[in-house]
Amino acid sequence: MLVQVSHITELDYSALISETVMELRMAPRQERLQHRLSFVLGIGPASQVRSYFDWLGNTVHTFAINNLHRSVKISAVSVVQTYDRDRLTQHPEDMWPLNPPTDHSLFDMLRLDAPVVDCPALTELAEKIKPRGRESLARVGLNIMDKINEEFVYEKGITSASSTIAEVLEHKRGVCQDFTHLMIGLARKLHIPARYVSGFIHAGNQQFRGAAETHAWCELYFPSIGWIGYDPTNNCEVKDNFVKMAVGRHYKDVPPHKGVYRGNATETMKVEVHTMELPEISGNLVGERTSPLNVPVFGNTGRGGVVPWILEEQVQQQQQQQQG
Amino acid sequence: MFQGYEIDGLFDEMFDKPERPRPHYSALYSRLHDLGMTSLQHRSRMADLCFRNQGITFTVYKDTLGVEKIFPFDLIPRIIPDREWTHLERGLIQRITALNLFCHDIYHQQAILREKIIDAELIYGAKMFRREMIGVNIPRDIYISICGTDLIRDVQGNYLVLEDNCRTPSGVSYVLENRAVMKRVFPALFQAARVRPIEDYPHNLLRCLKHLAPPEVEEPCIVVLTPGVFNSAYFEHSFLARQMGVELVEGRDLLVEDNYIYMRTTAGLRRVDVIYRRVDDDFLDPLCFRPDSMLGVAGLMNVYRLGHVALANSVGTGVADDKAIYPFVPDMIRFYLAEEPILQSVPTYICSRPDDRKYVLEHLDQLVVKATNEAGGYGMLMGHQAEPADREEFACKILENPRNFIAQPVVQLSQQPSLVDRALRGRRIDLRPYILFGEKITVMPGGLTRVALREGSLVVNSSQGGGSKDTWVLEPENKR
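Chains U and C, in that order, are what the protein sequence lines are.
All residue numbers for the first sequence refer to this note's numbering, where the first residue is 1 and numbers rise by one.
All residue numbers for the second sequence refer to this note's numbering, where the first residue is 1 and numbers rise by one.
Simulated from the structure, these hints should not be mistaken for laboratory data.
Built from N, CA and C at the ideal position, the CB exists for glycine as well.
Heads up, some of the hints might be wrong.
Rough simulated footprint, nothing fancy, chain C against chain U, three-plus residues with beta-carbon under 8 angstroms [as the list claims (entries may be wrong)]:
| no. | segment |
| --- | --- |
| 1 | 43 to 56 |
| 2 | 94 to 108 |
| 3 | 207 to 214 |
Given the sequences, and given the hints that come with them, work out the whole structure.
Okay, here's the thing in structure tokens:
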């Protein structure tokens, strides 16, 4: 499928702020079943952008703004060619239980670590899913999703971006991020390497939770063929209408934007996602480009003065260990 | 002078038998005799006054009687003959070389894990393993520019490595100040003893930092980054900055623009090339590490990754001085250098290993238990001296999080005469030499000798009531 994704993020502040430092994980990944043909990143106020691959292979763009400003706008538009799993990957033969991995980079995807925190409720739920004997790994993946959908309700406003799975297990409610963390937790409990994916769904004329917004799902590791996607929020296997931005151990590794600002102001965020299937690759498609967006700045402040006051918390942080 | 001085089966630095000083101490011994106790005490008060007047202090956290303390100074110097020192120096150079190669390997090919010389679980479970550093290339591949390695001597007098400090080792300012005071209080003795100078340390440190700067920058801008005035080692941060003639800055004095680091100055922004940072990894960059940090510079890690600024020490070196990794340093030396380790280590039980754990829990009253990621004598149990309730508490902690603990047999540290209440008494000491990894590796001759001033105590950390002494490494005999 040839998909165009436009992903617009607007951050507005209640007062002028003097500094924004940000990193983005918005560029779709280059993978076997997903090719990024075009990526145009617009940032305003204008700023110099650099990019690199992080330790998980995600493309990260970074920038800093040191002028007074009241809003930051980020527009990421990409064109991606995606492919469905082929016959080989459709029916992997891997069986549960898996042998412990020899590739130690998989250790991180087996470790229960905040927000995918180990807790008695998780153990209990994992026990219910645990196969009695040898079982097809693909089947185990589907069983985990079924169980989550049987016991949990999709509902916004109950959990927050920083919720752990302990909270989700308690409330039995959550959104895509929570469902994904939960599935990762259950898989890791069964010693299946599992990772977090952030991305988009192109719904077309079907119904999907998480379409027209940033979405999250889970991938399980199949030793014979690699990572395979499962979307516990929609209780389905991942197909070619899914576009992957970034992967990680959990949400904290992959936020589409992550920033620090300086100023006495509150932030409001608006995110818009539009996806569209394209009939063909356009002749004038650009490869990779960054461009400035017209967002106003109000003079330069980054240059002078220190903050005259010091907070109690700052005192505590300064009292960090020295190796003495 | 030495009436009632007891050796008590320990290794004594000064005496091999009662009233019989070792050859390299004989000059000091006779000078002390000539001086007499009254004069010695007078000089000791002089020394204290010097420290107080210069405001040389450190900070003890969680002490209600005020946080600023004078680091107690003991007048009797520790003397190391040239032959012993040469051996130590070779061993320390070998060790920092291996530790540095280890850091590079862990954040790149991970050969030592693939060859199964170190259990990968141990690394991936280490709190200080920084995944953000994987695949990042740093200036000249030097991770540990400044290392402070703690050495102790057992009852036979063998030097053993107790631990390495590869993150932000502190204490070097006391070494320099102790020496300055010593020269004033004992001018004649000092001259006669032919002690190797240490005063070039700030100069060597500056060269070591310059070595990390981008080669195309002719006059690199170097700064010392401190957490701030409330930090225990703030005195040292300002001391070193002043000695090197560079700016002392806090995180709020720096900012990122166009992917470079700049310092706010009264004359506008100035680009910074090298940061000698005395801020922990966790607080270094709120964007990358702890988001609530108010001490760091947001975006610093991205600039570092691009090679636009150098850091000393690098990020993630805590994986090399993790106490559960410590027992593998001899294996690292064999693996990376194909050499046998020159310095011995203390036998260590790793509590994450079931057999070791069982042994530790059964022998808590004979062992020293340490938290793997703590320093400064915090988070530690001296099993043989502890109350049963404290042992019980540690047993629970070990069971709760075994990866977090190691245990070692109690090493009876060597003792050294120290001035305590109008008499000379044997008190336990250790030694922290400072190693600089620049264009070449230099070890400061001597280092910080810390002394446990409480009778019978084996804990020398300043935060736990320790003091310090001047350390004299003697010139080789043939240079006479």
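* To do: Run the structure past the numbered hints and jot down the numbers of the failing ones, going up.
  => 3
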